[in-house]
Amino acid sequence: MSRPLTVKMEKFAQALVKTGNQSEAYREAYNALKMKPETVHRAAHELMQNPNVAARIAELRAAAAKRNEITVDDLVAELEEARQAGLGATSPQAAAAVAATMGKAKILGFLIDKGEITGKDGTPLQPPELVIVIDGKRTA
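With my numbering applied, the sequence shown corresponds to residues 3 to 142, in that order.
Watch out, some of these pointers could steer you wrong.
To be verified - With a cut-off of at most 20 Å between alpha-carbon atoms, the simulated SDA-like pairs for lysine to any residue come out as follows: (1) K10 x E48; (2) K20 x Q51; (3) K106 x K139; (4) K36 x Q24.
Don't read these hints as lab results, they were simulated from the structure. All values derive from a computational prediction rather than experimental measurement.
Produce the entire structure from the sequences given, and follow the hints as far as they go.
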């Protein structure tokens with residue numbers, strides 16, 4: 003049985019379904035005013051790796067789809083219609099057809115967007131060093 007989410011985790015899940023943007027959802031749920039964008043992105047990504055958060059997001063998305071009566075088949079059919087329109091126009095719109103094909107590939111799980119956060123020199127980012135200061139003296 004999954005553990006219940008914290009209030010902030012629930013708020014993150016709700017915001018993600020509403021906005022579709024992990025970083026924006028993180029900023030809505032957590033105090034991120036002083037955080038760098040890459041730190042927000044990394045923290046949001048870590049939340050997405052939490053099985054309980056991921057399960058809650060899936061629940062919320064399923065409920066939204068049901069509320070709107072949208073299925074994967076509906077979306078694929080709409081994209082196919084757009085693709086055909088792009089190919090069959092009096093002056094074919096290749097970009098529109100390709101965009102529709104790519105949309106179908108994403109929906110069906112054939113295409114997954116992946117990102118990697120790196121430092122300025124292209125090396126992986128390291129977590130910030132933990133520094134403990136007691137009475138003005140650095141201990142670690």
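Hints, verified against the model:
1. In summary, the hint linking K10 to E48 is supported, as the alpha carbons are separated by about 14 Å, within the 20 Å threshold.
2. Between K20 and Q51 the alpha-carbon distance is near 19 Å, which keeps this suggested pair within the 20 Å criterion.
3. Of the pairs offered as hints, the one joining K106 and K139 is violated, with about 58 Å between alpha carbons and a cut-off of 20 Å exceeded.
4. At roughly 17 Å between alpha-carbon atoms, K36 and Q24 fall within 20 Å of each other, so this suggested pair holds.
Hint 3 alone, counting from the list given before, is not met by this structure.
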